[in-house]
Structures are given as C-alpha cells and as structure tokens.
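2 protein chains.
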Amino acid sequence: MNNITTPAIKVIKADTSKLKDVDFNNLAFGANFTDHMFECDFKDGEWQTPTIKPYGNLVMSPAAKVLHYGQAVFEGMKAYKDDNGDVHLFRPQQNIERINKSSKRMAIPEFPEEIMMEALKQLVALDKDWVQPGRGNSLYIRPFVISTQVGVSASPSNAYKFMIIMAPVNAYYTGDVRVVIAEEYSRSADGGVGAAKAAGNYGAQFYPTNLAKEQGFDQVIWTDSNEHKYLEEAGTMNVFFRINDTLITAPTSDRILDGVTRKSVLKLAERAGINTEVRKLTVTELVDAAKAGELKEIFGSGTAAVISPVSAFSYKDVVYDIDKQDDSYATKFKNDLMDIQYNVSEDPFSWRVKI
Amino acid sequence: MNNITTPAIKVIKADTSKLKDVDFNNLAFGANFTDHMFECDFKDGEWQTPTIKPYGNLVMSPAAKVLHYGQAVFEGMKAYKDDNGDVHLFRPQQNIERINKSSKRMAIPEFPEEIMMEALKQLVALDKDWVQPGRGNSLYIRPFVISTQVGVSASPSNAYKFMIIMAPVNAYYTGDVRVVIAEEYSRSADGGVGAAKAAGNYGAQFYPTNLAKEQGFDQVIWTDSNEHKYLEEAGTMNVFFRINDTLITAPTSDRILDGVTRKSVLKLAERAGINTEVRKLTVTELVDAAKAGELKEIFGSGTAAVISPVSAFSYKDVVYDIDKQDDSYATKFKNDLMDIQYNVSEDPFSWRVKI
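Chains as they are written, first to last, in the working numbering: chain D, 1 to 355; chain E, 1001 to 1355.
Since the hints were derived computationally from the structure, they do not count as laboratory data. Because the structure is a prediction, the values reported are computed rather than measured. Beta carbons are placed, not taken as given, at the ideal position from N, Cα and C, and that holds for glycine. Treat the hints with care, since some could be wrong.
[Unchecked claim] Just a sample of chain E residues kept apart from chain D, beta carbon distances all over 12 Å, derived:
| no. | residue |
| --- | --- |
| 1 | Q1048 |
| 2 | N1057 |
| 3 | K1065 |
| 4 | Q1149 |
| 5 | A1154 |
| 6 | E1183 |
| 7 | N1335 |
| 8 | D1339 |
| 9 | E1346 |
[Unchecked claim] Derived EDC-like pairs: lysine to aspartate or glutamate, alpha-carbon spacing no greater than 16 Å straight-line:
| no. | chain 1 | residue 1 | chain 2 | residue 2 |
| --- | --- | --- | --- | --- |
| 10 | E | K1128 | E | D1035 |
| 11 | D | K128 | D | D176 |
| 12 | E | K1229 | D | D82 |
| 13 | E | K1267 | E | D1347 |
| 14 | E | K1053 | E | D1015 |
| 15 | D | K229 | E | D1190 |
[What the hints assert, rightly or not] A short list of chain E residues far from chain D (calculated; beta carbon distances all over 10 Å):
| no. | residue |
| --- | --- |
| 16 | M1037 |
| 17 | Q1132 |
| 18 | S1147 |
| 19 | T1236 |
Please take these sequences and the hints and turn them into a complete structure.
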C-alpha cells in the first residue's frame, strides 16, 4: 500500500448531462457511459491527485505499455436503485481488495483502498440519476488500471492510470446458455494469472469461444490445462453444478477467480441449508451424473448476469440437455441476490453499502 | 485474409524532423520514436485506408477493449544499416506471417501480408536517417494491433488499429545474464496463448521476473506449467542449451513462441555442422549436465539482444555457474547473425531484404 493519507478528491463537473440522450430501454451492455469518470495517475513512485472529471477520451502514446504488454487489471461491480430511490453498492470492499490482488500479480502498484471506496461513493452519487429504477436495471461500474509509460521494452511500467467508468445496463438476459466443455484450449495455467482479473485473460478466451459459437454453443466451460479433467470456470463466470441436491463448485486457486457472486452464492446456500461441496469436480463425474439423471443444474455466477443457467453441455461431441427444475437453485439464488441488491429483503450479511 | 487488393499507402509527411534532438549515443531501449508511423483501422468488417503519418498520440476511449481485455498482439523486428548506407530488414516475412498467426489466436482479423510488407518498406525508407550506422545500432520496428471498440463487455472487438512505430536503438547489452529456473510461476498453459505474441503474455511475466530480480537474478527460465519439469523459454526469449557440443532447444508448441532468431540459429548451427537437438530438455538433465561439467553454455535468442549468454542459473536455491567457452556457440551465432544483418557476409539463406 501507498503511504498517502486519504486526500480530498478533486471534482470537475460536466457542464451538461448526456442523460436525456440515452434510450434506457435499449442499452447495449456497457457501451453508454455516464457524465463523469474517476482518474488517478501514478508517477514518480506515487499516486497523484484523485480526480472526478467529465467522461471523455484519453490521449495516449501508441507506445504506452498497456497496448503492448497487457499490463492492466479491472473489476466489475454494480449499483442498484431501490424503490425509495436510494442507491446501493453490493460488497464493494470485495472488489476493492481484489483489484489490488490482481495488481500485485501484474506488478502494478496497489491503489489505496480508502480512496477507491470514497471515489466509488462520490462518483455514483454524482451520477445517481443514471441508475435507473426497476429490477434488473443497474449501473455497471468498471474500475481498471492501465500502464501508461511510453516505451516498447518488456518491463514493468513506471506510470499508471487508475480509472472508474460507469455504464447504465438493463437486465443481462443470457437466455438458455449452451456450453462446450474445453478439451483442447485452456484459460489459464498453474502458476499463471488466472486468479487475477488481468486484461489478457479475457482476450485469450475470445477465439475458443468463437469456435464454440460456430458449433451452436454460447460459452466454454474451462477445464484444467494439464489434463482437461477438472471443471473450473464457465466463460467469464464461476460455475456451479447441482448433482442431486448437492451444490458443487471448484475451489479457488491461482487458475480460478475468487468471484464475489460465487462466494455470495455459497453463503446463501449455507443459509438455506443446501449441502455444498467446494471441491474439484471431474468431467467424468459430471457426465456420469448426467447419464444417471442426477445432474439437476449447471449455472454460472458473475456480476453481469448474476446467475446464468446452463441448459445443455457438450463433451466429446455428445450433447447433454439439462431439464428445468421446479425447485431451481439458480432461480432461488438469483432472486435471493437481487432481493438483497435491490433492498427488497433484509441484508443479513451486511452486503449492501448505501450511497 | 481480407479481400483488399494492395491499395496505395496514403502518406502524410511530418513538417519537421525530431532527428536532430536525439542523442543517439544514449538511447533508452524503445523509448524514442521516429518521425512517422503507420496506421490502418479496421471497421465495418474491413481494413480501411493504410496511412503513413507523423508519429503522434492516439485519442482513445477509456472503454476501448484493448485496455480491458488485452485483445492485442505485436511483433518485434529491426532494420540495419550497412557500410554503404543501405538499410536492410531481416526475414520480415517471418514477422508478417507470425503477427497474423497471433491475431488469429486472439480473434483479431488478419492484416493483408502485402500491405504490411509495403508499409514496412515505405516507413523505413521515409525514416531511413533514423537508422544509425555502426554494428549494434539498429532501428527497432514494432508492428502491433489493438482492439478499439468502445465497450466493457468481454467479447471480440469489431474495430481494430494496426500500427507500426519505430525506435532507434543501440546495441542491447544484457551483460552477464543470471537466470532462475521457474518452480512455481508459469508463462503459459497448454491450449493457451503462449505461442502468440499476445500482449498479456508479457505483462504476466513482470511479477515473477521482479521476484527473480529481488534474489539477484535477471530473468526467469520458464518451465512447463504442469510439472515444472521441462525447460521452455528464457524471459521473453527462446533458450538454447549446449551440453558438450550438442545444441538443444525446446520444440515449438502452443506454449512456446516460434522465434525468428531461434530458427535462424538452428539453420546456422546446421550449416556449421553443429549437432542440434530440438527436443524437450528436463531440468534434471540440465542439472546433471552442470554437475558433470558437461553444460557448456546457455543462451537466449531474440530480436532485441540477438543472442544473450547466460552466466549462471539457479534451481532449488543452488546456483550453477557456467564458465565462458573459448569456442562459444553464443558468440559465433551472434557474429554470424550480425554479419548477415549488417551485410558484412554473404546471405546464403536470403534473409536480408534491402529497403
């Protein structure tokens, strides 16, 4: 951590708002941005004045290290408006700690936690009107850090930019997600950066995901790179399997992201008395359970879609369909999470942070 | 490949040159750039007008995909000036083909080969005065592609920018390189993007390399992520081992970059009648050879340093020193390569391309 004591955040307000120009009923996910953004530069060995300013383009050298060496990390989180018009963040401290873990793995200086929390609160408060009411609507918040030193030599940057940008989003409807279990391509290596939200982890998935799409599927369930034996993540989400009434998910590791929604689901399952197992699950075990009629559900968990039910998986060119359950865990956890996020239910774990 | 027939490259010349402001005797590697750059945008499904223009900053959205998902690839190559003042590229077709292979793996549209070659030739010709004479001096050339679509959803970009920027560099003196053999961290996974010059591969190495530096070493020799048993790459270079008089290097795979200098060294070794083995070499075999006095040399190969001799390696906290050889292969290959690059020797394999 840096030695800065929390300085005041400098605020430069936008002259006009773009709010009236936005069609909130037809939002492409994460493509319209609010009036303001947060920016803080790292140079001469320390973070400079944290600033909220009008959202706008960056002027960047074509030799900026982020463009060449992918030294960059990010987070994804959301703000939700309740029926009283109050706005809430969901477990922001988790994202704040995680982006610094990601930064450490990518040799990026950590950002002071207290400034990050204050920046989130002030930025969301300033652009509060961009958080639309209605269950499913939310403000997607994207903190990220990029390396900005000018130079095409492969070494850590001496300059960085920490930013927060925000985009209003509608409910992220994924439909019936059909997935392919990875048999050839991999997401991450033991000893690699899979547990970090490092930029390059995501771009690296696009090609194998395109191949899955060409075969009529939506996403890839990643397996370990050594043997393609263990089930690890689904696309850009953590993944849960319900075999009979037991909920199984992979343990976190240096290959698997420590997802905030993942750990929230585990907590909610525990509260509901659902048997959970955090353990390695083999593809063989999954296929056997599917054949025996014991595989009840697969679902992904992540900030964007909250919970994303999987309707079929393919393995070695055999497609296994998964019937909808009347007592769906996916539906239950999605409702439980959204009830907390939208301040409809109590908040037994103190996950909400009111702006 | 795209369906463009080679269009003329639009050229916008700089009003003034920065050449006189540069201290060519004190160049930080890849930090000073020439007067011009090449730029070509991809949008609406095709590459637009290829353009050479004054070197300058980019205006970029903070939501450009490259900053969030690392969907970016690059190449490294050099131009050399001979004693007649003529400028030569070294095997440019290799880099042209490889950047498109990298692009494919990163779901980036390939760039027309003939336009890339023409762009390289015209750009180097225009900034020819930036290629300084003298063995060791060269013009480092950095072609790269970045994803520019605005949007923070993790999917392939629909817009890209292909660029070439160039920086004069002095001889890249690495000194006595001391390396640590990786026992915990990894560079890439089976089925991952290690064989691509994908941006994220490089940023991911910074932290483990910093750890090596804290222990008094310069670089990491990467091993396979499964067992840390096989020797794969050295830092950002391919790596060669000389055991007695046999030269050994790892076979290319989806974890290992198909290096241009690597394949040139193999060709030169073959020409010199040196026994080469392209095979997996285990750490155990290396340690045994070192103990038996049979390990004569280790060296890295890459565009920046050409050949980079290793003077010691560490494994399980034991440091093995490597004595200098009178008949050093590293020295021989470095001289052979530079003789070809600087047009001092014949060019038996037609590797030079005169501008």
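> Looking back at the numbered hints, which does the structure fail to meet, lowest number first?
Replying inline: Hints 2, 3, 4, 5, 6, 11, 12, 16, 18, 19 contradicted; others consistent.
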